Amino acid sequence: MIRSMTGYGRGEACTDGRRFTVELKSVNNRFCEVILRQPRVLTQIEDKIKRRIQDKVNRGRVDGYISIEETGEVTPTVKVDKALAVAYHNSMEELMADLSITDKIAIKDLISLPNVISLEQPEEDIEKWYPAVEQACVEALTGLLSMRENEGARLKQDILQRADQIRDLILGQVAERAPLVVQEHREKLSQRLAEWLDSGVIDESRLAAEVAIFTDRADISEEIVRLASHLEQLGQILGEGGPVGRKLDFLVQEMNREINTIGSKANDLVITNSVVNAKSELEKIREQVQNIE
Numbered sequence: 001m002i003r004s005m006t007g008y009g010r011g012e013a014c015t016d017g018r019r020f021t022v023e024l025k026s027v028n029n030r031f032c033e034v035i036l037r038q039p040r041v042l043t044q045i046e047d048k049i050k051r052r053i054q055d056k057v058n059r060g061r062v063d064g065y066i067s068i069e070e071t072g073e074v075t076p077t078v079k080v081d082k083a084l085a086v087a088y089h090n091s092m093e094e095l096m097a098d099l100s101i102t103d104k105i106a107i108k109d110l111i112s113l114p115n116v117i118s119l120e121q122p123e124e125d126i127e128k129w130y131p132a133v134e135q136a137c138v139e140a141l142t143g144l145l146s147m148r149e150n151e152g153a154r155l156k157q158d159i160l161q162r163a164d165q166i167r168d169l170i171l172g173q174v175a176e177r178a179p180l181v182v183q184e185h186r187e188k189l190s191q192r193l194a195e196w197l198d199s200g201v202i203d204e205s206r207l208a209a210e211v212a213i214f215t216d217r218a219d220i221s222e223e224i225v226r227l228a229s230h231l232e233q234l235g236q237i238l239g240e241g242g243p244v245g246r247k248l249d250f251l252v253q254e255m256n257r258e259i260n261t262i263g264s265k266a267n268d269l270v271i272t273n274s275v276v277n278a279k280s281e282l283e284k285i286r287e288q289v290q291n292i293e
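Numbering (UniProt numbering), first residue to last: 1 to 293.
Read the hints as simulated data drawn from the structure, not as lab findings. Just so we're clear, the structure is a prediction, and the values are computed from it rather than from any experiment. Be aware that one or more of the hints could be misleading.
Straight-line Cα separation of at most 16 angstroms, EDC-like style, residue types lysine to aspartate or glutamate; simulated pairs [to be verified]:
| id | residue 1 | residue 2 |
| --- | --- | --- |
| 1 | K247 | E232 |
| 2 | K50 | E33 |
| 3 | K156 | D249 |
Build out the structure end to end from the sequences listed, making use of the hints.
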């Protein structure tokens with residue numbers, strides 16, 4: 001199946017009183033690039049999450065956003081720095097003695113001082129969270145890939161329709177018109193020679209030679225055959241599915257080369273107009289191919 005490189009997906013999963021939300025958004029890129037933004041606590045499992053995404057995405061830049069929401073109670077640990085409290089107490093007693101102050105030092109005075117009492121979050125085994133994060137990631141990937149596939153189907157249909165237009169223009173109109181161009185050239189050349197010659201007698205061998213030269217210069221049969229082959233390949237590649245964006249990009253370049261050559265050889269307004277229209281359709285195909293994985 002053909003996939004676009006643009007898409008979006010979202011997933012959620014819960015564990016240990018926490019809800020993990022993963023959002024994935026992808027855009028065009030020549031290679032596969034995954035950029036994650038998540039709380040620092042998840043840094044140690046970041047590479048595993050990236051590899052999970054890269055297993056499913058071949059091309060495109062994927063921006064991932066991971067958030068954590070507390071859904072249950074997490075009891076912090078109260079830490080008392082006894083050594084610091086003793087140091088504060090001794091310093092206060094020394095100061096009171098120097099100032100002849102007889103007040104007693106209350107415990108509330110000590111615990112209100114900086115860093116005597118602090119709250120610490122309990123240590124967590126982050127690896128235990130990974131299954132839930134992975135579950136949310138898989139759900140987001142499913143949505144992302146589904147959107148990429150839907151968009152890819154639309155791109156495929158559009159490319160095939162435009163390829164049919166090129167086939168009608170070049171393999172139809174141009175191929176039919178090409179032999180007539182040679183005949184018209186022969187008639188025009190014969191008429192001009194007759195006007196130039198006083199006797200009106202035309203050297204048929206000279207005329208045939210001139211027509212042969214023109215025919216050779218204007219011959220587009222090889223280009224038409226190659227273009228027909230490229231159009232057939234285009235349909236086959238789109239039918240294969242998978243990551244075919246680079247193949248299509250190269251093939252479109254080859255098609256453009258053949259159409260340009262046909263245009264440069266054309267010495268006819270009808271063929272020129274058909275070539276211009278074909279190049280317009282091919283340019284639209286090229287733009288669509290840039291979006292394909």
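Where does the structure disagree with the numbered hints, that is, which hint numbers, in rising order?
-> none
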